[in-house]
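Colleague: The primary structure of each chain is shown beneath.
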Amino acid sequence: MGNPEIDIVISKTGKVTVEVKGAKGPRCLEYAELIKEIVGHEESRQLTEEYYAPDGDVRIDTKVRAKSG
Amino acid sequence: MSAIIVLTPLVVSSWPVIAAAVMGAAAGMGFSVHGPELHEEPTRRKKVTTEFENSEVVADAMAAGQKLILTKGDLTVEVFRDERGRCSVCVSGTGHSDRELKKIGEEVVGRITQQFIYNKVVTELKQRKGQVLEEEVLADQSVRVRVRL
Numbered sequence: 001m002g003n004p005e006i007d008i009v010i011s012k013t014g015k016v017t018v019e020v021k022g023a024k025g026p027r028c029l030e031y032a033e034l035i036k037e038i039v040g041h042e043e044s045r046q047l048t049e050e051y052y053a054p055d056g057d058v059r060i061d062t063k064v065r066a067k068s069g
Numbered sequence: 070m071s072a073i074i075v076l077t078p079l080v081v082s083s084w085p086v087i088a089a090a091v092m093g094a095a096a097g098m099g100f101s102v103h104g105p106e107l108h109e110e111p112t113r114r115k116k117v118t119t120e121f122e123n124s125e126v127v128a129d130a131m132a133a134g135q136k137l138i139l140t141k142g143d144l145t146v147e148v149f150r151d152e153r154g155r156c157s158v159c160v161s162g163t164g165h166s167d168r169e170l171k172k173i174g175e176e177v178v179g180r181i182t183q184q185f186i187y188n189k190v191v192t193e194l195k196q197r198k199g200q201v202l203e204e205e206v207l208a209d210q211s212v213r214v215r216v217r218l
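Chains as they are written, first to last, in the numbering used here: chain L, 1 to 69; chain D, 70 to 218.
Heads up, a few of these hints could be off.
To be verified - If you want the footprint, here are the derived chain D segments under chain L, 3+ residues with CB under 8 angstroms:
(1) 71–78
(2) 188–194
(3) 206–216
Hint data in this document are derived by calculation from the structure and do not stem from the laboratory.
Remember, it's a predicted structure, so these values are computed and weren't measured experimentally.
Using N, Cα and C, we set each Cβ at its ideal position, and we do this for glycine too.
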């Protein structure tokens, strides 16, 4: 996976919404914390499916064996 | 996606940094910017002051006279460091109700905050070798910045 991307939306009242993409698990929160440090106080946080995904590549091999008989 | 957080901005900086945000926001809102020397004719204009909720202008050698004046039509907006060290705006104009002036003040505060946070985020992420991939102004006047770290 490449470097993570951060999508930052600054509303016309100055409120900031940050979405971290491409970083799994606690790593994504490290990036969110970085933006929080720059901007101000945290109002709310929502963790998505990717947060709970294992940090690293996972390969799943599926074998289907035909049953003879 | 992996995490979405919503943040309330803090506007804490020295006057020159805040002044840069004021000038950027003023340009975007069609205001002309003047220094504190702009002389205003004494008239019976209504005035409404709005304070930035989470702000602090860090005192420095230039603490005195920290003020910028924005004008557009009959509106005058003073942006200044108040005696408590907070950033405030005072809107005055003829032919406007207090409510209208208050609304204009809140809009100006919001846009200055937006510009301040934009400048700060982009500067600090670039210092951390971040790469700005995309920037756009959305239909609701929000600013969207996409950064790769």
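Colleague: Count residues of the region 188–194 of chain D with a Cβ under 8 angstroms from any Cβ of chain L, then say if the count reaches three.
Modeller: holds (count 4)
Colleague: Count the residues of the region 206–216 of chain D whose CB lies closer than 8 angstroms to any CB of chain L, then report whether that count reaches three.
Modeller: With 9 residues close enough to chain L, the hint holds.
Colleague: Between the region 71–78 of chain D and chain L, see if three or more residues pass the 8 angstroms beta-carbon test, and mark the coverage as holds or violated.
Modeller: holds (count 8)
Checked against the numbered hints listed earlier, the structure breaks none of them; every hint is satisfied.
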